[in-house]
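K.L.:
Below, each chain spelled out in residue letters.
Number of protein chains: 2
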Amino acid sequence: PKKKKVSYSNRGMTLEEDLNATNDYYLLRKQAVIHKKPIPIQVVNVDYPRRSAAKITEAYYKRASTTDYNGIYKGHYIDFEAKETRNKTSFPLKNFHDHQLTHMKMCHEHGGVCFVIIRFSTLNRVFLLNFPLLYKWWNQQFEEKGKKSIPLKEIETDAFEINYSLSPRLPYLKIVDQLISERNA
Amino acid sequence: PKKKKVSYSNRGMTLEEDLNATNDYYLLRKQAVIHKKPIPIQVVNVDYPRRSAAKITEAYYKRASTTDYNGIYKGHYIDFEAKETRNKTSFPLKNFHDHQLTHMKMCHEHGGVCFVIIRFSTLNRVFLLNFPLLYKWWNQQFEEKGKKSIPLKEIETDAFEINYSLSPRLPYLKIVDQLISERNA
Ligand SMILES: [Mg+2]
Ligand SMILES: [Mg+2]
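For the protein sequence lines, the chains are A and B, in the order given.
Numbering-wise, the first sequence is residues 1 to 185 according to our numbering.
Numbering-wise, the second sequence is residues 1 to 185 according to our numbering.
Note that these hints are calculated values from the structure, not bench results.
Everything numeric in this text was worked out from a predicted model, so none of it was measured.
Warning: the hint list may mix true and false statements.
No copy labels: a pair is met if it fits in one copy or bridges any two.
With a straight-line cut-off of 25 Å between C-alpha atoms, the simulated DSS-like cross-links for lysine-lysine are [what the hints assert, rightly or not]:
(1) K105 - K62
(2) K83 - K105
(3) K136 - K30
(4) K62 - K36
(5) K37 - K55
(6) K105 - K30
(7) K74 - K36
(8) K62 - K94
(9) K36 - K105
Same shape as in the complex, but just chain A:
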């Protein structure tokens, strides 16, 4: 009988949900301690009802000053941003903010392992792009005839594809292992 290929591809989950499940898996197995940072919120008003929890009644989203995830793996500081796009042929650089690149650049210079995880949601393909290459793409956009987005073809070359698996869902630390050994080489 023909063997059916098992697909662990994303089933309507967001990249964030997949990464959080992956990080929970790594945490439970004591492989890494990596967490999503909470979304920064400016609290303006809080009600303190009797006998129940404080209720925030007025608050606003603030712009994050860093990236989505950080933590430690094999003694290395890990810092990364997660981004999704519905585009099919390229990743628009406008998805990043200046300060996120600045943050990653500083962490990289201090010896951290920094990267972005990009999901093409309509294609359901996920890539890990190491910071130095992301930075190259980021900078070329300001040059004459600079591209405003990274073509998928170039991502296929510059980045590592992360294939969905059963557990963890997005085994990105395998790729981090490669980044670490390349750096030590």
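Since the structure of chain A is already known, use the hints to place chain B with the ligands on it.
P.N.:
Positioned in the frame of chain A, the structure of chain B with the ligands alone reads:
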């Protein structure tokens, strides 16, 4: 003329404000990239008024699953909690939650530099207590006749006092340097 001793002691600022100012200083000087994590908030309801920012109208504080601060310094993963007490003679261990200790223990085991910064606000004295010694104190409380708080006298012995300075306000990385060199020794 008698020289007046300049005091940089805390002038009504919270420990968090002092640490944030200190981290800004370290960031600007490119000495370290260490940030306070946002407070985790569960958003229940959001209004989207025309022509103005999204307004959160119902939200609740969630319990933090990690510590207050993390980042990178000289290639090392740094992770710490900041705590204030109005007590004058001891630091109550109930200020910590189980999961905070668990988090620090895991980060420590992965090679991170983990500690707590404790401020005795009425005395205006600040100490850095390295994780292994904090953990010793944490565990003894569950033994027979275990202490429920760490006496200040013991903190003076086990911890490093951080003296306020003009800039940065709380030069804690000097002490982290010591922790790193002790570990490498
Ligand atoms: Mg993101
Ligand atoms: Mg705290």
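K.L.:
A separate judgement is required for each hint: does it hold in the structure or not?
P.N.:
Going down the list of hints, with the structure as the test:
no. : hint       : result
1   : K105 - K62 : within (22 Å within a copy, 31 Å between copies)
2   : K83 - K105 : within (17 Å within a copy, 31 Å between copies)
3   : K136 - K30 : between (34 Å within a copy, 21 Å between copies)
4   : K62 - K36  : both (16 Å within a copy, 14 Å between copies)
5   : K37 - K55  : both (22 Å within a copy, 21 Å between copies)
6   : K105 - K30 : between (28 Å within a copy, 11 Å between copies)
7   : K74 - K36  : both (18 Å within a copy, 23 Å between copies)
8   : K62 - K94  : within (18 Å within a copy, 32 Å between copies)
9   : K36 - K105 : both (19 Å within a copy, 19 Å between copies)
Violated hints: none; the structure is consistent with every hint.
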